[in-house]
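Add 13 to a position in the sequence shown, counting from 1, and you land on the number used in the working numbering.
Please note that a few of the clues may not be correct.
As the list claims (entries may be wrong) - DMTMM-like cross-link-like pairs, simulated, lysine to aspartate or glutamate; straight-line CA separation at most 20 Å:
id: 1; residue 1: Lys-24; residue 2: Glu-60
id: 2; residue 1: Lys-56; residue 2: Glu-79
id: 3; residue 1: Lys-56; residue 2: Asp-71
id: 4; residue 1: Lys-56; residue 2: Glu-42
Hints are computed from structural coordinates only; laboratory data are not their basis.
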Amino acid sequence: MTQPFGQDSLKGLGIGVPGIISAAGEILESPNLRFLDRFNLQKTLAERMNMPVRIVNDVNAIAWGEALHGAG
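Using the sequences and the hints given, assemble the complete structure.
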């Protein structure tokens with residue numbers, strides 16, 4: 014994942030996941046990704062990639078992106 018950009022240019026990683034996501038980044042329940050139910054993807058990726066990671070609900074991620082960078 015860091016190959017196209019280089020590890021030094023990445024400051025963090027954000028991922029939108031369908032379902033119910035805890036504040037700690039645990040996927041509590043995902044209708045599309047049942048194999049990830051009760052899995053803390055945020056903690057796992059942060060440890061493996063050695064950078065800040067934030068996992069949020071996919072619709073919230075879209076709304077946040079639109080509010081910050083979209084047409085408004």
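For each hint, the structure was consulted:
1. A threshold of 20 Å between alpha carbons decides the hint, and for Lys-24 with Glu-60 the separation of about 14 Å falls inside it, so the pair holds.
2. Taken as a hint, the Lys-56 and Glu-79 pair is broken in the structure, with Cα atoms around 26 Å apart against an allowance of 20 Å.
3. Annotation: proposed proximity of Lys-56 to Asp-71 holds, straight-line Cα distance about 18 Å (limit 20 Å).
4. Restraint check for Lys-56 and Glu-42: the C-alpha separation of about 16 Å stays at or below 20 Å, so the hint holds.
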